[in-house]
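Could you slot chain Y onto chain S? The hints should help.
2 protein chains.
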Amino acid sequence: MNCTIITIGDELLIGQVIDTNSAFIAQRLNEVGISVHRRIAISDDLNEIQNSILEAWKMSPIIITTGGLGPTKDDITKKAIAELFGVGFKRDEQTFQHVKAFFESRNVPFLPINEAQADVPENAHVFFNTRGTAPGMWFENDGKILISLPGVPYEMEHLILTYVIDKLQKQFKVPPLYYAYIQTSGLGESFLAKKIEHVESQLGENISLAYLPSPMAVNLRLSGNMKQKEEIDVFAYQIREALKEYIYGDSKIPIEEIVLQKLKERNKTITLVESCTGGFISNLITNISGSSAVYKGGWNAYTNDFKIQELGVQPEILTKHSAVSEACAKDILENALTKTKASYGIAVVGYLEKYENQKPHAYIAYGDLASIKLKKIDLFYPRIKSKEAIARVALISLYKEFLN
Amino acid sequence: MNCTIITIGDELLIGQVIDTNSAFIAQRLNEVGISVHRRIAISDDLNEIQNSILEAWKMSPIIITTGGLGPTKDDITKKAIAELFGVGFKRDEQTFQHVKAFFESRNVPFLPINEAQADVPENAHVFFNTRGTAPGMWFENDGKILISLPGVPYEMEHLILTYVIDKLQKQFKVPPLYYAYIQTSGLGESFLAKKIEHVESQLGENISLAYLPSPMAVNLRLSGNMKQKEEIDVFAYQIREALKEYIYGDSKIPIEEIVLQKLKERNKTITLVESCTGGFISNLITNISGSSAVYKGGWNAYTNDFKIQELGVQPEILTKHSAVSEACAKDILENALTKTKASYGIAVVGYLEKYENQKPHAYIAYGDLASIKLKKIDLFYPRIKSKEAIARVALISLYKEFLN
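Respectively, the protein sequence lines represent chains S and Y. Quick note: the first sequence uses the working numbering, first residue 17, plus one each step. Quick note: the second sequence uses the working numbering, first residue 17, plus one each step.
Chain S on its own, in the form it takes in the complex (with noise of 0.2 angstroms):
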């Protein structure tokens, strides 16, 4: 059981939108057994759309589509699906008003172009979409079936909980896969390779392994259907005892989410000071819902000033040690946790790039007032990733030395 997902829009192939609902959409997918066969992009165009949808039921019996349902001219897969089926258009009252209602409620005009966002071709089953204007549509054919979903995100993703999975699970009655995740720092994808070979050439035809590399983290994960849910149990269990100290985690919960758990588990704070990072820990932990209760807030601390002023650094450290030491992440993190209260910390310092004669690295301290701990990594990636790099090392080790 396959799906072929294709995303429509000319902004796909410019490259000026990166495209995330796949990805979301193939996760939701491969959670109920569905598997993904192919992913595609296609401009907004009539040809091009109806051929790659008869294209890819050649291979897929299900395809989502999404995009192209906007209000705007170059929106034009509903008409590319009418003309497809040869059908014409009916309108959907429920939708219509609640357009309708939407526009009011902004107090702005109801322009006819967004009447027309009401209108579905006749044989279409509508997903009424709360999040939005563009309802989503279910359409059988010959046993294939067509479902076509806005391409904004947030309207996608309700769409895809609230009634495609659903819908299709009822329809297709698919075994579940199983997965078995070991998530591991420290150690790059081929020593990690090297590492398991014993256990990797035991896998056979139908269990597989795939490595998941990020900046300073590799996760592995090894599938297959649920009833090899023992035998890959056992696999993990071996890859976990070959990998041991490399090992934080076993699931697919990012790093700073678990961090989060574990603090509200047991009723603990957290501060954050960043230098190099510059917001970029803070960030990631206030993108989780229900942030707020561990996390008391933190410093950018991006110039020497700010970090002698706000945080009390003394200037010696600075001139002797420069801002970029082990040194002065340790008393900017001191300071933190003092200021705060919080029950744990996290301070960076660190150059991104080239700085001078000196090859980008960062310092990490981590802890809290009776432990700090210092770190130092060195950075081989560009700046962005740097971040991520510093950010998922300052984590894990918090997580492993003092939360696990």
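No false leads were mixed into what you were given.
Distance windows between CB atoms, simulated:
1. S:Arg122 <-> Y:Thr36: 30 to 40 angstroms
2. S:Pro128 <-> Y:Glu246: 32 to 42 angstroms
3. Y:Val250 <-> S:Arg107: 36 to 46 angstroms
4. S:Glu257 <-> Y:Gln110: 32 to 42 angstroms
5. Y:Gln110 <-> S:Gln330: 41 to 51 angstroms
6. S:Arg107 <-> Y:Lys89: 49 to 59 angstroms
7. S:Arg122 <-> Y:Met17: 35 to 45 angstroms
8. S:Glu257 <-> Y:Gly104: 36 to 46 angstroms
9. S:Gly104 <-> Y:Glu281: 54 to 64 angstroms
10. S:Asp249 <-> Y:Glu131: 27 to 37 angstroms
11. Y:Pro331 <-> S:Arg107: 49 to 59 angstroms
12. Y:Met17 <-> S:Glu131: 32 to 42 angstroms
13. Y:Thr36 <-> S:Lys160: 23 to 33 angstroms
Treat the hints as calculated values from the structure; they're not laboratory data. Glycine included, every Cβ here is placed at the ideal spot set by N, Cα and C.
Relative to chain S, chain Y alone:
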């Protein structure tokens, strides 16, 4: 002249990785007049790789693939390509020496699976990869081009910019495209469309107008070929006249870069106090190389205690108006400007999610000590998009009223 981009990797089809490579490649190709016909994501499967290359060549003379060039067993792109062309492998000596040195410099052993990184199909023209261990490759067959690049963005980007675009331009002598940009904020897509209907209806066949919406902003892009430059400029002028008050820029440069550039030009500085955005704006600004010249640093003032203790908010303001109020935003900005002596600043307070009976909204204070302006925005987005929306409104407002 068009290209199909094929991204290879199981991780793309299970949705654990968001594909940013395609967007980067598409942008660079479009800049030199090569349009992208389709983007396709497929699994690390020998037949899929070969079939999708053969299919794509029917529609595009140029194919660029990324991914599947790593050292682990799941990476089989090179094998698929060699088989497709019916050739064996050769060792690329420059790559071999580079890979060896790469491992030695990091004090990690050089394993046989890493050696194989230097082996390429016999008919490959090699693009030397200074940023990683997998070289890029260029193949020609019957006037068709196949370019295979590593999937690591940092490595792929380097190869595209150093070799690929250059070689494509030499080989195909493509006529360049011409673009005009109009950056707007404050009006939704359909209202913009209504206001410029009279211009849009005159565009004709070969000039296209794209709406590129993001939270709280819509960018418009007119495109055609270089011969139509004057005509496109006239349309752009007409659109700018019709949308006057909503316009903040005429490029595709993101607002944070526009603000930073202006501050640099004028030798001014900025500070930030973020409550509900929790470091999002600071992170955005420090993503830009050279931001330390203008960014003094700031506070992620997440809790009330933090606001009182670090930013000297009067507890009365919090009890009388609450932390999510114009008064609080103004007070913390005033204090931050005074403390840091920054020329300009932004402060943000708000609820990203429904709180008690209040709908999500935020207050933004921005400006300088002589004149602090205030803005309220209602938030209709999910949590992370709301941060983006607030950041965009804050930066655009500061730019339009103080830096333009």
